[in-house]
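Chemist: Per the working numbering, residue 1 is the first one in the sequence shown, and the count goes up by one each step.
Since the hints were made in silico from the structure, they are not lab data.
For every residue, glycine included, the Cβ atom is placed at its ideal position computed from N, Cα and C.
You may find that some hints are simply not true.
The calculated lysine-lysine pairs, modelled on DSSO-like cross-linking and capped at a C-alpha distance of 27 Å, are [claimed, not checked]:
1. Lys1042 - Lys908
2. Lys665 - Lys753
3. Lys884 - Lys772
4. Lys312 - Lys423
5. Lys908 - Lys772
6. Lys824 - Lys753
7. Lys423 - Lys340
8. Lys1050 - Lys907
Restraint-style ranges between C-beta atoms, simulated for each label pair [claimed, not checked]:
9. Gly402 - Asn621: 56 to 64 Å
10. Ala339 - Val280: 49 to 57 Å
11. Lys908 - Cys720: 50 to 58 Å
12. Thr348 - Phe646: 23 to 31 Å
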Amino acid sequence: MLTGICCPEGLVIKEEGGRALLQQGRSRWDCGLVGAASAGVWLIALCCQPPGSPVITSVGDGQSRESSPNGDMERESFFEGKNMALFEEEMDSNPMVSSLLNKLANYTNLSQGVVEHEEAEDSRRREVKNPGMGTFIGVYLPCLQNILGVILFLRLTWIVGVAGVLESFLIVFMCCTCTMLTAISMSAIATNGVVPAGGSYYMISRALGPEFGGAVGLCFYLGTTFAGAMYILGTIEIFLTYISPGASIIHAQSPDGEAVALLHNMRVYGTCTLALMAMVVFVGVKYVNKLALVFLACVVLSILAIYAGVIKTAFDPPDIPVCLLGNRTLSRRNFDVCAKVLTTNNGTVTTALWGLFCNNSMPSAICDEYFAQNNLTEIQGIPGVASGVFLDNLWSVYTDKGVFVEKQGTPSVAVPEESRSSKLPYVLTDIMTYFTMLVGIYFPSVTGIMAGSNRSGDLRDAQKSIPTGTIMAIVTTSFIYLSCIMLFGACIEGVVLRDKFGEALQGNLVIGMLAWPSPWVIVIGSFFSTCGAGLQSLTGAPRLLQAIARDGIIPFLQVFGHGKANGEPTWALLLTALICEIGILIASLDSVAPILSMFFLMCYMFVNLACAVQTLLRTPNWRPRFRYYHWTLSFLGMSLCLALMFICSWYYALFAMLIAGCIYKYIEYRGAEKEWGDGIRGLSLNAARYALLRVEHGTPHTKNWRPQVLVMLNLDSEQCVKHPRLLSFTTQLKAGKGLTIVGSVLEGTYLDKHVEAQQAEENIRSLMGTEKTKGFCQLVVSSNLRDGMSHLIQSAGLGGMKHNTVLMAWPESWKEEDNPFSWKNFVDTVRDTTAAQQALLVAKNVDLFPQNQERFSDGHIDVWWIVHDGGLLMLLPFLLRQHKVWRKCRMRIFTVAQVDDNSIQMKKDLQTFLYHLRISAEVEVVEMVENDISAFTYEKTLVMEQRSQMLKQMQLSKTEREREAQLIHDRNTASHSVVATRTRAPSTPDKVQMTWTKEKLIAEKLKNKETNMSGFKDLFSLKPEWGNLNQSNVRRMHTAVKLNGVVLNKSQDAQLVLLNMPGPPKNRQGDENYMEFLEVLTEGLNRVLLVRGSGREVITIYS
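Go ahead and model the full structure; you've got the sequences and the hints to work with.
Modeler: Next up, the structure:
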């Protein structure tokens, strides 16, 4: 018997009775018979396998089969291995369906994909947590707690008093409709697949993409953070106003400064409370979660107390007197008796109220004129449901700041030039009120609908619980808010409703005076509920920021993705506390509420947009389990959110949009690229498809023509780009406009070269990013370079978005014997572009072209216009000068005059033509007189034909090829010395017959036949072999040499020279000669761009 062997995975392997036993803890598996000879091999194999994976074992009969620690699965694994042999190679990268389903059933937020799925599961190796919360506990109650909060207790009565029952009902109905439509859209998104932890941010980012997701995620984060500030301010306001008014640290020196002193006290207490709450969140979030139920109980008890108080007013209204002077409400903080004088046994005695309005307490004192002219009356502040006060509270009473709170319909004696001294105990309005401002203050009371979706990772069935719980919570809270508006309007006197801080009620909370059995139920309940909501915000906001940071879409936020060892977001909590402090320093609850309204409304707007986009696109993956949605509802919700943003505050709305827009552009340009299968990408694909179909038919108008470039790159043996400056030139030419396709050809077969092809494509894309070339990369693997380039020219692009121009580098190595086919490929490419009616740009000496960082401070771009093939020569310098590299270069146009041309008239006509083209350039007409063909031309032609002969006889031995190449090199050296001598000599403008039209070509042929041959005989006497030269080649070389001399004379110092590129010969036997003509034509020039137009006009004088 083998002794127990401990494996690295903590398994113990034993052999008992010839059978292998696998033991881990209390679990034990029988793994079948093990032969003695193979026992060691089996044990090693088993130890090398992770628990749960099949192991190859050897049984007594010597047959190998798969064995598993699960004895029950042993037989199935055996048959599976035989039955699925056809797919055995795919099993290395693709899991079997059974294992995939097993892992999906115990979903633990694994990354999507096949190989990634396996790797993520293997890397975790931890017990799967089974979420157990249902709809009521997991979604309904958290939403209820987050929706019902500080606004209900502190501002709802005031909103009803100012806006009236009807307009208050409209405000609440609009806001609740907005959140209901958003909840419907959110339910559709949340049930379209598994929603991991991350909630609303995860849903928006995966539905709209990283740019929108990051922007809206940060807006949601800022909204949650400012909500924390609002809850803290609400907590301090309840404490300082209703619980302990004497706890103020800063006291007002005069009654005028009481409001300012209150704000300073709220700043001091708010900062201290924020620090304390942040410390609690930092030390232990679990305590916050445990207290959540207590805070929820406070909210529920407070609401029940309100309804109980309303019912009690129907048969036993509370005795809460309110003192009015005329029709003005008086603050009862400094007096008890609502009377001017009291009659006692000893006579008449003035009251404390008399002392507030008069200069002394004597009946003969001088009193305020309004006080003297009007009587004091007492009314019931809460007359009850049956009192009929509902009709008086139907309509709005909007006022300016510092206006008396007056009871409508009560008689009053007006006093001219009245002094509004703050020393008098009147109840005054503290801010100017209007409808849109009230919307901004109220909207935060309906936020919190995403509390359930934020807990999606802890729900038993998120796809069922989120829609049901959220919608039920919104229905419940909407009923509570709407019913409270009706009940407040029916129970409470209007002047009391408009008394924001309860000054007429001796500084008591208005809604608390309505509640039963005691006002302290509301005061204490609202205090703890707002305190708890603040803690929840400080708990949730850092985690949201941490989720955004860990996604890596905003690089500068990545530091906030780190935290304590247990994952608590320490740095995110610190930033949240700092932002929350900004809200605390604002100190006014009415000023902070519209700010967070903007951020929440923007978040809800994009949730609706995400649902509408996904529904309209009908993507195959859009299959929500929640069926009660429609794109019109989402669009209506999005429109309502946008309208509410501008209703609340148009400048806050623009500021919030600016912040979101800046974040969006930052992520777009600097952030990490993420592919989440989002709806915006699908929308872009649909829009691209629609646009492609629109431009499919017909060629573009000349006014819309711009070079859509196919850049042909050459790669070295390591799949790196040989001429990176070609991409720099492309960027300078295109400036981000139009289509750019960067193509390259890899020689071989795709099956053998697909890895190298991927590497080459990555290298090209990397270089495109470095050179800021915006375009597409297309790499082709072909059996030979010639066919690959032809395939690219034919098939690159899609539909109407096809290239019309090919840009390539001049094959510098065409003369080298190691690369005999480069010149052939080049000439055939020229023919292909001509056949495809595409323009061709050939950059010679491309490694001398400027990089994007260089700037030419001066110089010329010279255009040699010899034949007109569509005007591309005129357009290219204009496009280049749009880029910073070439912006300061001046454009010069040279054209060649023929024998019978009027040079002066040609210059005037060309200037007029350029004027109509709106192109500024210097114009010069070059005249070249006809002269005899020089000995230099004959020598160049002889060298060219000898090289051609050498290229055709590449079958010679290596030694003979080297000797031939040396001979040609020596002759070339002699030729270059002759060129240098001729260049240094003073040049005289002479004229040569140019063959750029068919008629002139025929005329020149006839002229050449009639030429006096005596001069040639004299030349042939110098070198007899010249007489055997092809006279057509001699004439072409004569043209190239003469034109090269003129171009060197005029443009040797130019930053760039653009030349018409002559076409290749129709007879393919002269292809190598064609390369020599082009070489002679551009000899001695630094940067040359040979241009061959497509034949169609690309520039026009018309608008």
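Chemist: Please verify whether lysine 423 and lysine 340 have alpha carbons no more than 27 Å apart.
Modeler: holds, 17 Å
Chemist: Taking the beta carbons of threonine 348 and phenylalanine 646, is their distance inside 23 to 31 Å?
Modeler: This hint is violated: roughly 60 Å between Cβ atoms.
Chemist: Does the structure keep lysine 665 and lysine 753 at a Cα separation of 27 Å or less?
Modeler: Answer violated: lysine 665 to lysine 753 is near 38 Å, above 27 Å.
Chemist: Confirm or reject the claim that alanine 339 and valine 280 have a C-beta distance inside 49 to 57 Å.
Modeler: With a Cβ separation near 50 Å, alanine 339 and valine 280 satisfy 49 to 57 Å, so the hint holds.
Chemist: Between glycine 402 and asparagine 621, is the Cβ distance one that fits in 56 to 64 Å?
Modeler: Since the Cβ atoms of glycine 402 and asparagine 621 sit about 59 Å apart, the hinted range of 56 to 64 Å holds.
Chemist: Check the following: the C-beta atoms of lysine 908 and cysteine 720 are separated by a distance inside 50 to 58 Å.
Modeler: Distance hint for lysine 908, cysteine 720 holds at roughly 51 Å.
Chemist: Has the given pair, lysine 884 with lysine 772, been kept, meaning a C-alpha gap of at most 27 Å?
Modeler: holds, 14 Å
Chemist: Take a quick look at whether lysine 1050 and lysine 907 sit within 27 Å of each other, Cα to Cα.
Modeler: Satisfied, since the Cα-Cα distance of roughly 17 Å is no more than 27 Å.
Chemist: Take the C-alpha atoms of lysine 824 and lysine 753, compute the straight-line distance between them, and say whether it is at most 27 Å.
Modeler: Roughly 24 Å between the alpha carbons, so the hint for lysine 824 and lysine 753 holds.
Chemist: Has the given pair, lysine 908 with lysine 772, been kept, meaning a C-alpha gap of at most 27 Å?
Modeler: It is violated: about 41 Å lies between the C-alpha atoms, which goes past 27 Å.
Chemist: Can the restraint linking lysine 312 and lysine 423 be considered satisfied, given a maximum Cα separation of 27 Å?
Modeler: Answer violated: lysine 312 to lysine 423 is near 37 Å, above 27 Å.
Chemist: Measure nothing beyond the straight line between the CA atoms of lysine 1042 and lysine 908; if it is 27 Å or shorter, mark the hint as holding.
Modeler: With Cα atoms ~25 Å apart, lysine 1042 and lysine 908 stay inside 27 Å; holds.
Checked against the numbered hints given earlier, the structure breaks hints 2, 4, 5, 12 and satisfies all the rest.
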